[in-house]
Amino acid sequence: MPEIIVKPATLKELWKTLPGLSRNRRYLAGGTDIVTADNAGVERSECWIDISDLPELGGIKETASSIFIGSCVKISAIEKSAAARRWCPALLAAIPHFASPSLRNMATLGGNAANGSPCADGVTALVAEGAFVHLALKGKRRRLPLKDLFLGPKRTALKKDEIIAAFEIPKRKHLGAYLKIGPRAYFGISKAAVAVSVELSGGAVKLACIALGSVAPVPLYAVKTSAWLAGKKLSPEVIRDAAALVKAEVSPITDARSAADYRREMCGVLLERALDSFQS
Amino acid sequence: MKKNDMIETVKGFFNIELRVNGEKKELAVKNGEFLLDALRRHGWKGTKKGCDTGDCGSCTVLLNGKPVLGCLVPAVTAHGGELTTIEGLGSVRDPHPLQEAFVEAGAVQCGFCIPGMILSSKHLLDSNKNPTEAEIRKALDGNLCRCTGYVKQVEAVKDAAKRLRTKGK
Chain A
1 MPEIIVKPAT LKELWKTLPG LSRNRRYLAG GTDIVTADNA GVERSECWID
51 ISDLPELGGI KETASSIFIG SCVKISAIEK SAAARRWCPA LLAAIPHFAS
101 PSLRNMATLG GNAANGSPCA DGVTALVAEG AFVHLALKGK RRRLPLKDLF
151 LGPKRTALKK DEIIAAFEIP KRKHLGAYLK IGPRAYFGIS KAAVAVSVEL
201 SGGAVKLACI ALGSVAPVPL YAVKTSAWLA GKKLSPEVIR DAAALVKAEV
251 SPITDARSAA DYRREMCGVL LERALDSFQS
Chain B
1 MKKNDMIETV KGFFNIELRV NGEKKELAVK NGEFLLDALR RHGWKGTKKG
51 CDTGDCGSCT VLLNGKPVLG CLVPAVTAHG GELTTIEGLG SVRDPHPLQE
101 AFVEAGAVQC GFCIPGMILS SKHLLDSNKN PTEAEIRKAL DGNLCRCTGY
151 VKQVEAVKDA AKRLRTKGK
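Chains as they are written, first to last, in the numbering used here: chain A, 1 to 280; chain B, 1 to 169.
The hints are simulated quantities; they were obtained by calculation from the structure and are not laboratory data.
Please note that a few of the clues may not be correct.
Cut-off 30 Å, straight-line C-alpha distance, at most; resulting in silico cross-link-like pairs (DSSO-like, lysine-lysine) [what the hints assert, rightly or not]:
(1) Lys-233/A - Lys-247/A
(2) Lys-158/B - Lys-66/B
(3) Lys-138/B - Lys-61/A
(4) Lys-171/A - Lys-159/A
(5) Lys-61/A - Lys-66/B
(6) Lys-138/B - Lys-80/A
(7) Lys-173/A - Lys-138/B
(8) Lys-66/B - Lys-24/B
(9) Lys-61/A - Lys-16/A
(10) Lys-66/B - Lys-45/B
(11) Lys-30/B - Lys-66/B
(12) Lys-206/A - Lys-61/A
(13) Lys-154/A - Lys-138/A
(14) Lys-233/A - Lys-206/A
(15) Lys-61/A - Lys-140/A
(16) Lys-80/A - Lys-129/B
(17) Lys-224/A - Lys-247/A
(18) Lys-61/A - Lys-154/A
(19) Lys-206/A - Lys-171/A
(20) Lys-224/A - Lys-206/A
(21) Lys-66/B - Lys-80/A
(22) Lys-80/A - Lys-162/B
(23) Lys-12/A - Lys-154/A
(24) Lys-30/B - Lys-16/A
(25) Lys-140/A - Lys-12/A
(26) Lys-80/A - Lys-158/B
(27) Lys-152/B - Lys-49/B
(28) Lys-30/B - Lys-12/A
(29) Lys-80/A - Lys-171/A
(30) Lys-138/B - Lys-158/B
(31) Lys-167/B - Lys-80/A
(32) Lys-171/A - Lys-233/A
Using the sequences plus the hints, can you model the full thing?
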């Protein structure tokens, strides 16, 4: 753990504090990734900036067209939010698969995204929700589709000192699912995960968003399969074809957690199960 | 006191103010020290150090009413918080209904995971007076036991819920 941990009270104070700190600094939200990486000696910083209580990064707000989830809202608080339950079904389905109950009291979506891991359950689900991410750096603000935040394993489009302020999820009537294969039913890192959101109209898919975890260098938005599903009725044949298509879209690797072939196969299986669940 | 104006007292030590088991405390914590280690150093040894990587749940404490893992919380960030450790629940002479139920169900073998398990269970029972087996299992998801296999702990939580409901009447 670095010797210096600072805790600004507001965003304004944060920007004022930065010039006086070591260049080798990182933001600390829930700490569940950054602390374990530091303990393992994988990633060392000289200074942590505790942003977990910054009022500007908290709260879940609802406007006429979107839900805004503050980047430092705890995962367990999202589960309790009526707005999130109503408008983010894929994200809600992912929460039981997100670490353990105590870690969900600590972890945040902001940390989940900034960590840049391809196996992040929260952000994979958010990509399927068609979420945008709001970033802030001093006076400047920008908004990106969340899928564009990820550049590679542990690499994001965040600039030096840029902060994730919130996630914006457009309000739309849709169904969502999150299915994951890990070392056990719960509390494990995924071998493969599939998040799906689907808007149905008269039995046909109006819009589908498929995102996959742990099977590409980034939480992957499956562009081709998502587009291919639009306009189709969810028949057993269509579901089978979508599963075949998604298997060609992923690029898994073999590592300590699983084998590339198995992961690819499971992407098809999980997508089939997810789409099946929307039929009934 | 604002949360960010901690003062270095002795070189490398900071004083943090927090409530531990209902009592206001001022604790000297070391630079780079985790809440788990600070608590144990100050005598709250009911909080156990297991994996130290956020996996096993034996260092679970309630911070502002919610279970968190003491091994991943930098001690200084608990400044201003409200903390409950297993010592705050009950004693040998006056055990909490959860502690009674765990003992009577035979849910305790080596005992290392039990403080964390009981605190996770307390959090569940605070908001759910009559949890189902699935809800109990979900609440204990992050508390690993290498002795008993979980069945007796689930029974103990069910029994404790019953005791608390009867007591509440």
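**OP:** Starting from the hint list further up, note which numbers the structure goes against and sort them upward.
**Re:** Checked against the structure, no hint fails, so every one of them is satisfied.
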